[in-house]
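J.: With the hints as extra help, turn the sequences into a complete structure.
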Amino acid sequence: MAEQQPVSTNGRAGGDDASNGVLEQLTDDQLRWIYQIMRRIRRFEETAEEAFRAAKMRGALHFYIGEEATATGVCAALDDGDFITSTHRGHGHCIAKGARMDKMMAELFGRSTGYCGGKGGSMHIADIELGNLGANGIVGAGIPIATGAALGSKLRKDGKVTVAFFGDGAGPTGAFHEGVNVAATMNLPAVFVCENNQYGMATHADFANAAAIHNRGPAYGIPSASIDGNDIFEVYATAKTAIDRARRGEGPTLIEARTYRQKGHTVLDQKNYRTKEEIAEWVARDPIERFVTAVNESERLDEDDFQAIDGQIECEIEHAVAFAEASPWPTVDVIERDVYVE
Amino acid sequence: MAVTTPQAPAPETATREIFMSEALREAIDEEMTRDPTVFVVGEEVGVWGGAYAVTQGLLEKWGPDRIVDTPIAEAAIAGLGIGAALTGSRPVAEFMYSDFMGIAMDQIVNQAAKNRYMFGGKAKLPLTYRAPFGAGTGNAAQHTQSLEAWFAHVPGLKVITASTPYDAKGLLKSAIREDNVVIMFEHKAIYAMRGHVPEGEYLVPIGVADVKREGDDVSVITYARQTHHALEAAEQLAAEGISVEVVDIRSLYPLDTDTVLRSVRKTHRAVVLYEAVRFGGFGAEIASQIQELAFDDLDAPVLRVGAAHAPVPFSEPLEQASFPDTAQVVGAIRQSLQGVY
Ligand SMILES: Cc1ncc(C[n+]2csc(CCOP(=O)(O)OP(=O)(O)O)c2C)c(N)n1
Ligand SMILES: [Mg+2]
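Respectively, the protein sequence lines represent chains C and F. First residue of the first sequence? That's 5 in our numbering, and the numbers climb one at a time after it. First residue of the second sequence? That's 921 in our numbering, and the numbers climb one at a time after it.
No wet-lab data here; the hints were simulated from the structure. Hints may be right or wrong, so weigh each one.
[Stated by the list, open to error] Dumping the calculated EDC-like pairs for lysine to aspartate or glutamate here, alpha-carbon to alpha-carbon at most 16 Å:
hint, chain 1, residue 1, chain 2, residue 2
1, C, Lys244, C, Glu254
2, C, Lys60, F, Glu1236
3, F, Lys981, F, Glu946
4, C, Lys60, C, Glu329
5, C, Lys275, F, Glu980
Computed from a predicted structure; not experimentally measured.
T.: Laid out in structure tokens, this is it:
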């Protein structure tokens, strides 16, 4: 234990050492996959917001717009059978792990064809077969669950890795400490990915966390990294190193990805706790635009590639909404079903 | 024992119609004015103004030493309340949702509730916990529970809940002045309900039920939002000549058994109505007390109306059908009158 990996310290948002050369190592198919996933997340949420504003759905919707590179970069480095745990802001993780948008949209619409048959809604989408162990309404709660999945993998020797996604708001929770500490003491195949989008509701990450989350790795004797979460290449490279390490049985890594939620905390949030300038600054570092610019500069994919993907996603989105709207509501006889295995 | 209706509080004082959330805010604000050791602590109570806007504007008025924003740390919030209370402050600690009290359960149940007793009566905890609860908001299974029975079960805790802005303000002020640990559950579906609240100072005592509507044929014993379903049911049935009495217990512990029994001895029939999962819920305690203490007065078994045996589902038609509504209350009252089970 106690092998330390240097913590990258830069606060810059531009491409940097960790992302250098990553683009070149990725295949065209991988680049297309990355673009497709990030655009799916963006379009799924933009569409969900429209539906919410048209009163077609209810409840709490937490948008991931602006953070797409984090989930996408991490999941790009995972194998299909690997596991993730997610958060209340879970659409991005879900899509990046391969979820179907029609079943997600139907869930948001509360329909019986949704991922959870309408019982869970936006905050509880899970797809165990895809390795998505669930979004979560309880901040921090996914962290010990990820540790448990990693313990299971270690005991079963199934070679799988589990990633826990969580926000900067989960840094202060007891669940964070317990989950990360146990994973470190047991040397489990887990990767803890903090999505530091600067705020938890109106609370700034620096107000909530006495010490930066990426600085806590040494306290648990595990490597930790601080990265630009809006740089898909840096996210991918860092996640790949951590996931490979975990798969080799060398234990967990803690990654803090700096990113930004471009939208309010929920779809209803109109509070004033951040400046227009700050939002504009981060919108200018939009992860999807940066990816497109980098790829264009490298002359790897061309406009036709992007347009083909965009066109396909529009079809998927149209289908998802039509599917959701045409789907039946669940009937009340299912209320007490699925509470137990019967 | 005060028999007030929400529509007609103390007539000698001027009243206004305000939201339940405003009534709660006034209670906190007035008690902060009255006692400089009172302070508020919790997640997003300051800059955000509280997830349900109860503490809106209080940070601007009182500053960060008395409206204390915390990180997401429910066990710490519960403990901050305990430590500060033990050492001379009078905290009002907020859980953003009562569902999150699960994280703080040790601090609340093993520490707050038991300190005084374990220490041989030498400690005093003037501590109020506030927590929104209840379903109907589309927030799914981890943000909609009614867990009040967990806490009413623990000696050392007092548990209160209001159905009207008037009661909310008076009860919360009493709670803040109490030298005991009081948990106030606030139903989130009625924060935006308006009601008459006098301009002047008043308290609603803890441990005193309120007959919200008098009647002769059946007693509905209930609390919080379900009181309104009971009142609506009573109104509907009045048109058929059925006279329903509605008792809002307001305190789960201590429970005003006298008022409950007085009502049942008059009507001889009782329907116990609550929004928590029916099985093992607080209504079982009420029903049990009634049959133990008023068995000979009963003309029908005591009925319980509660929520389905399931987590609260997200989808609207499922959620709405999962907990009692007015129609279910009407049905239960008819059942009680017909003696058909
Ligand atoms: C244990 C717990 N406490 C409080 C909340 C209410 N809540 C939901 S999201 C949130 C902010 C979370 O911030 P962060 O972890 O940074 O995630 P983000 O919303 O920024 O993605 C809060 C306080 C909760 N869901 N669970
Ligand atoms: Mg955050």
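J.: Determine for every hint whether it applies to the structure shown.
T.: Results for each hint:
Of the pairs offered as hints, the one joining Lys244/C and Glu254/C holds, with about 14 Å between alpha carbons and a cut-off of 16 Å not exceeded. This hinted pair checks out: Lys60/C and Glu1236/F have alpha carbons roughly 11 Å apart, not beyond 16 Å. The suggested pairing of Lys981/F with Glu946/F holds, with an alpha-carbon distance near 12 Å, which does not exceed 16 Å. Of the supplied pair hints, the one linking Lys60/C and Glu329/C holds, its CA atoms being roughly 9 Å apart against a limit of 16 Å.
In summary, the hint linking Lys275/C to Glu980/F is supported, as the alpha carbons are separated by about 15 Å, within the 16 Å threshold.
Every hint from the earlier list agrees with this structure, and none is contradicted.
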